[in-house]
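Q: Build the full structure now, drawing on both the sequences and the hints.
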Amino acid sequence: MLQRLFTNQLALGGAQAAAVTLLVLVVMLLARKREIHLERETIVALSRGIVQIIAVGSIFIFLLRGPAWTGMLLLAPMIVAAAAISAHRAKGIPGTFRVSLCAIATGSGTVIALMTLAGVLDTTITSLVPLGSMLIYNAMNANSLTLNRFRSEVESHFGLIETALALGAASKQAVAPYVQVSFRTSLIPAVDSLKSLGIVWIPGLMAGMLLAGSDPVYAAIYQFVTISMILSASGLTVLISTLLIRNHAFSHAEQLTLRPQAIPSQGKTS
Amino acid sequence: MELSMALEQSHITQPKFVLETEHLSRVISDRRLVDDITIGIQKGEVLAVVGPSGSGKSSFLRLLNRLDEPTMGTVYLEGTDYLQIPPQELRRRVGMVTQTAYLFPGTIADNLRFGPQQQGKDLPDDTTTLLLHQVGLADRANSDIVNLSGGEAQRVSLARAIANSPAILLMDEPTSALDEEAKEEVEALILKVVRQNALTCVIVSHDPAQAARIASRVMVVKAGRLEKIEPVTEVIHVAETLH
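Protein chains in written order, with our numbering: chain A, 1 to 270; chain B, 1 to 243.
Since the hints were derived computationally from the structure, they do not count as laboratory data. Do not rely on the hints blindly, as some may be mistaken.
Just some of the chain B residues that point at chain A, by a computed CB distance under 8 Å [as the list claims (entries may be wrong)]:
no.	residue
1	17
2	65
3	118
Remember, predicted model here, so these are calculated numbers, not experimental data. For glycine and all other residues, C-beta sits at the position ideal for the given N, C-alpha and C.
A: What follows is the structure, given as structure tokens:
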């Protein structure tokens, strides 16, 4: 219907964005009726999303004319932004920005570098930046889930963790079961993406490749390659963030410093 | 500086107490949880810590095995400043039983093996049997912890702490989360186990009568400060007036 109303592509894009925004707001209103208040966060996310993607699209116009290395200029701030967003999900744990930056940069950066060297990722900006950003984005999500889950696991099992410490366990041993749970949980989306590929969902990238005239079988295989890269980048990110974050939950004297908010850091006072 | 070195030297050469606190304090956000407590505990002694709710009893106990960090002062364990002892080694030597028995998933035997495993040791089966016999849970080594009552869980917690062969055992209101019947059973068990193993013990209790039954000395804590420390008979009425 919109395609018949708008012949200009920019006007059509604006109308499509308005339609989908309306749909999101309706969903939020339905949630509000059930006392789930996500309106503010959703409106901020919608506003940021549209502004950011238009800004990136505009930058692309200039970058397309530049040398290949300029793609890295775009990916580097993406990693920093991803770390800042991810760190926000684990308030209360000190040093989360540093941990997130290190984990996302290493996780996604390693996969991008290796796959570029292996010739899996094209070095042209139009290929490297969108695929690189997909890896960074998914690494960010996995990292956010890890930090969030780690915090809630530690807070809800602080008694068992302190008991382990009191029995002479090292902090990394005391917290190991909760690190493992955080790791497994945060990789569920990436693993499920791979499991459901082609059955439940067909990534947009495949449609783009088909439109660009690629062989359909090659386009299909490349989706598998992309999702597998996402799993690798997410896995590596989570491995690093769980390794680093556990040190931030304990003091140098192996004392648990991350506790439920109801229980002050000094412990009970009875 | 020289005085403190001499003091430390005296601790090394002649440890009079198995555990000694020196101006032990913990202040968080201007709140004095533990305020300048200096005491000594002799080998084989059972010291009860009593005081009103929020007086800093548990905070004091948590400083003794360094689960929390003192903001001032220190603790000497068998003459050595505990800040010089690796925390893992310190906590093996100063065991702890908490108010709630936090048991690890698995069997009773798995729980008993946990402490020795941290030092790379295996707890022999006959030691497990002996410990469980001591706490009245003979033949229950392979029972899953999900099937235990509150009193049984606390017995396992006690046996688990002793499995580490600690020099000192700290107990933080070990019976307060139990019903009356289980409370009496566990209290009797604590008395038996402490005597059988000749343990040096610091027990926090909100109940002065219980403190009198278990301990040889009682220290009264109020607002984080040491109010009094005396043999049971002399001090218990002071504790009662604080409640």
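Q: Next step is simple, just say for each hint if it's right about the structure.
A: These are the hints, each one checked on the structure:
Because the smallest distance between the Cβ of residue 17 (chain B) and any Cβ of chain A comes to about 22 Å, over 8 Å, the interface hint for this residue is violated. At about 6 Å, the closest approach between the beta carbon of residue 65 (chain B) and any beta carbon in chain A falls short of 8 Å, and the interface hint on this residue holds. With a cut of 8 Å, the hint placing residue 118 (chain B) at the interface with chain A holds, because the nearest CB-to-CB distance is about 5 Å.
Of the hints listed earlier, the one the structure fails to meet is number 1.
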